[in-house]
Amino acid sequence: MNILEIRNLHVSVQRKPILCGVELALQPGEIHAIMGPNGSGKSTLANLLAGREECQVTAGEVFYQGLDLLSLAPEERARAGVFLGFQHPVEIPGVSTARLLKEAFNARQRYRRLPEMDAIAFRDHLGAQAGKLGLPADWLLRPVNVGFSGGEKKRNELLQMLVLEPHLAILDEIDSGLDIDALALVAEGINALRDPGRATLLITHYPRLLDRVAPDRVHVLMGGRIIVSGDMALARELERQGYGWLEEVAT
Amino acid sequence: MNALLQVCQQQLLAADAQLPGHDALSIRRFRQEAMQRALQTGLPTQQMEHWKYTPTRWLTESAYAFHAGGCVGLDPEDLKALLVARGQVHHLVFVNGLLSLPLSGLDGLPAGVQVESMARLARESPEALEPWLGSDVTGADQGLAALNQALWPDGAFVRLASGVQLSQPLQLLFLTTSFREPIVTLPWSVVILGEGARAQVIESYATLGQGDHFTNARTTLVLGQGAQLDHLLLLAESDRAHHVGSVQATQLGASRLAARVFAVGGALTRHELHVALAGAEAECHPDGLFVAGGRQHLELHSWIHHLHSHTRSQQWFKGVLDGEARGVFNGVVRVPQGVREIQARQQTDNLLLSDRAEIAAKPQLEIHSDAVQCHHGATVGSLDAEAIFYLRSRGLDEECARKLLVQGFIDVLLQRVQPAVVREWIARRLNSGEVAS
Ligand SMILES: Nc1ncnc2c1ncn2[C@@H]1O[C@H](COP(=O)(O)OP(=O)(O)OP(=O)(O)O)[C@@H](O)[C@H]1O
Ligand SMILES: [Mg+2]
Numbered sequence: 195m196n197i198l199e200i201r202n203l204h205v206s207v208q209r210k211p212i213l214c215g216v217e218l219a220l221q222p223g224e225i226h227a228i229m230g231p232n233g234s235g236k237s238t239l240a241n242l243l244a245g246r247e248e249c250q251v252t253a254g255e256v257f258y259q260g261l262d263l264l265s266l267a268p269e270e271r272a273r274a275g276v277f278l279g280f281q282h283p284v285e286i287p288g289v290s291t292a293r294l295l296k297e298a299f300n301a302r303q304r305y306r307r308l309p310e311m312d313a314i315a316f317r318d319h320l321g322a323q324a325g326k327l328g329l330p331a332d333w334l335l336r337p338v339n340v341g342f343s344g345g346e347k348k349r350n351e352l353l354q355m356l357v358l359e360p361h362l363a364i365l366d367e368i369d370s371g372l373d374i375d376a377l378a379l380v381a382e383g384i385n386a387l388r389d390p391g392r393a394t395l396l397i398t399h400y401p402r403l404l405d406r407v408a409p410d411r412v413h414v415l416m417g418g419r420i421i422v423s424g425d426m427a428l429a430r431e432l433e434r435q436g437y438g439w440l441e442e443v444a445t
Numbered sequence: 363m364n365a366l367l368q369v370c371q372q373q374l375l376a377a378d379a380q381l382p383g384h385d386a387l388s389i390r391r392f393r394q395e396a397m398q399r400a401l402q403t404g405l406p407t408q409q410m411e412h413w414k415y416t417p418t419r420w421l422t423e424s425a426y427a428f429h430a431g432g433c434v435g436l437d438p439e440d441l442k443a444l445l446v447a448r449g450q451v452h453h454l455v456f457v458n459g460l461l462s463l464p465l466s467g468l469d470g471l472p473a474g475v476q477v478e479s480m481a482r483l484a485r486e487s488p489e490a491l492e493p494w495l496g497s498d499v500t501g502a503d504q505g506l507a508a509l510n511q512a513l514w515p516d517g518a519f520v521r522l523a524s525g526v527q528l529s530q531p532l533q534l535l536f537l538t539t540s541f542r543e544p545i546v547t548l549p550w551s552v553v554i555l556g557e558g559a560r561a562q563v564i565e566s567y568a569t570l571g572q573g574d575h576f577t578n579a580r581t582t583l584v585l586g587q588g589a590q591l592d593h594l595l596l597l598a599e600s601d602r603a604h605h606v607g608s609v610q611a612t613q614l615g616a617s618r619l620a621a622r623v624f625a626v627g628g629a630l631t632r633h634e635l636h637v638a639l640a641g642a643e644a645e646c647h648p649d650g651l652f653v654a655g656g657r658q659h660l661e662l663h664s665w666i667h668h669l670h671s672h673t674r675s676q677q678w679f680k681g682v683l684d685g686e687a688r689g690v691f692n693g694v695v696r697v698p699q700g701v702r703e704i705q706a707r708q709q710t711d712n713l714l715l716s717d718r719a720e721i722a723a724k725p726q727l728e729i730h731s732d733a734v735q736c737h738h739g740a741t742v743g744s745l746d747a748e749a750i751f752y753l754r755s756r757g758l759d760e761e762c763a764r765k766l767l768v769q770g771f772i773d774v775l776l777q778r779v780q781p782a783v784v785r786e787w788i789a790r791r792l793n794s795g796e797v798a799s
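Protein chains in written order, with our numbering: chain A, 195 to 445; chain B, 363 to 799.
For the record, the hints were derived by calculation from the structure and aren't laboratory data. Owing to the predicted nature of the structure, the values given are computational and were not obtained by experimental measurement. Do not rely on the hints blindly, as some may be mistaken.
Among chain A residues calculated to face chain B with C-beta under 10 Å, some are [stated by the list, open to error]: (1) GLU224; (2) ASN241; (3) ALA272; (4) VAL276; (5) VAL284; (6) ILE286; (7) PHE299; (8) ALA301; (9) GLY325.
Computed footprint of chain B on chain A, listed as stretches where at least three residues anywhere in the stretch have a Cβ under 8 Å from a Cβ of chain B [said to hold, decoys possible]: (10) 200-208; (11) 287-294; (12) 418-429.
All C-beta atoms, glycine included, are put in the ideal place defined by N, C-alpha and C.
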């Protein structure tokens, strides 16, 4: 069974059609990359998969591990193992990352009828993941994303992914704003979750992250559809030539 | 005449001899003059400037009775949640207006700290009270304060000698038990810190039961030169109760007052803070939070009088309103002519959780001097939809997401409360008011 299967998906935002006929399938263990010009609808697709209400599905279907994803509320999707790393992570004043993750982790445990983790065990689990990303100890106690730099926010998204261990991770420009060392850590984090039970959808503008995670497929989203798919060679071609040469295909 | 005024006047006539301090001419005269003022001013009405948002009909419509005070068969267990962890604070418990010694605990008070019943003090050494009788900072429109001055039956008297430090917090719990007939209580407490003295005083108001009653409270704070007081007020009476109270603080030079109020209870709760900064380098830090739901009406008022040059005030008031609740914040900063080098900051931030809730937040600066640094700001907003989606995308349901965001909103003020045992107790009391649970 595919982890994610998107069939003929049409989505409008504020009555404006953004996606028109997206087809995509991720098999277990795969990492796919989506590239495409600004405004082509990459984030719209990511947000739609996470359940954002503003994204109106006008046609098509989405299956996640065989479940009708569109019929689930955002929190149900998350508990079932879908994770969205936001292009623009939100600041949550007064709520620490530790608190958020404890609530999130235990909500998922309850959904799966697994025992909740007690405070001490969870703190250790959290500390271990933060250590992997080289994050300072007080990081977890700071309010989520408040006053974080662009790169720090992205690292915080990745930390959340590592703690929640999703089966489908959708990472929307997780690499933007990262310095070179952070990029390596983030790539390591993504690779750490690469296993036969999971899949990852990476949205990016640059091949530098892709070089480190070696995606199985690279897609180009343009004009509301995936107009061409290939491997890393496609990403390199785009880096060299931009999107202009694809415009004919798109229309 | 208004029924409440009538009842009060009768009380003064009938119970005069039992009111503490009756044998002292100064106190007796003070009570009588206060009653005269109350009768002249009358009870507040919405025509009075500072009462225009406050519903006052309940004052004329409900019949509050006086009660002999004291407690019948109260089990210390009943009070457990209402007191900061036992053994970690000194506490005085007042039940229906009168001190209950069996429920109180003052073990291990350091030398130089006097904590006792105002009633006892007024009877046994009225001269110790005389200097503080007329020490209110308040101006006009104070008919209810005058009633308190006329009729207070008890309260706490706290005095720290110069240089004395109270290492454990002192809690004053004012508890009203519901009766079939709603009662009025009028506690007056006085806290005096000598030069360089330091203390934390927690004043909390609660109801046992769900009934209506009326608390008309007054607290006088006096901070000597260089004294430091952390005064924390928790207003958490029954959702049918009415509470009007004021804290009156006078600060001498280089003293520092943190005045924190957390208001969660009451059908109507109105708290006024009046601070007179009366010496150079005196500073006050008023913080306030109200969390209101249902049809509650909660008000916080502050009047900061910068009477002396080189004084500072820094205020942060927050409100959270759900349901059809109404909130009022009115903050007056007054700097008279000729007073210089003042720093005054005031911020109020409010969160509306329902489109039927309403807030009136009004900063009022009355600055008659140029040498003043003054900042003020007011915001009103609702929960951030982006933040709710973000939390839901992590697996939190909408209700949990909203709760977490509300907790996050009030967290800043909560985190300023020290020590942790007091902060955690306040957090629990806020939780039992549900909005922030
Ligand atoms: N709330 C909205 N109202 C109107 N238009 C919107 C809204 N949100 C997104 N859009 C439009 O949808 C289109 C797709 O936006 P989207 O954010 O999905 O692009 P993207 O491919 O992620 O771009 P980028 O590479 O810049 O991140 C854009 O034209 C954008 O302006
Ligand atoms: Mg985008």
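task: With chain B as the partner, please determine if A/GLU224 meets the hint condition of a C-beta pair closer than 10 Å.
output: violated (22 Å)
message: Is the coverage entry for the stretch 200-208 of chain A by chain B consistent with the three-residue Cβ rule at 8 Å?
response: violated (count 0)
message: Given A/ASN241 as an interface hint, is its Cβ closer than 10 Å to any Cβ of chain B?
response: holds (9 Å)
- prompt: Hint check: is the beta carbon of A/PHE299 less than 10 Å from a beta carbon of chain B?
  reply: holds (8 Å)
Supplied contact hint for A/ALA301, tested at 10 Å Cβ to chain B: holds (4 Å)
Chain B contact restraint on A/VAL276 - CB to CB distance below 10 Å: holds (8 Å)
message: For the restraint on A/ALA272, tell me whether the closest CB of chain B is nearer than 10 Å.
response: holds (4 Å)
query: Taking 8 Å as the C-beta cutoff, is the stated coverage of the stretch 287-294 of chain A by chain B satisfied by three or more residues?
result: holds (count 5)
task: Mind checking the CB of A/VAL284 against every CB in chain B and telling me if the closest is under 10 Å?
output: holds (4 Å)
message: Hint validation: A/ILE286 versus chain B, beta carbon distance must be below 10 Å. Holds or violated?
response: holds (5 Å)
message: Using C-beta distances, would you say chain B covers the stretch 418-429 of chain A, given that this needs three or more residues below 8 Å?
response: Coverage by chain B is violated here, the residue count being 0 at a Cβ distance below 8 Å.
query: Is the interface hint for A/GLY325 satisfied, with its Cβ closer than 10 Å to some Cβ of chain B?
result: It is violated, given that the least Cβ distance between A/GLY325 and chain B is near 21 Å, above 10 Å.
Comparing the model with each earlier hint shows violations of hints 1, 9, 10 and 12; every other hint is respected.
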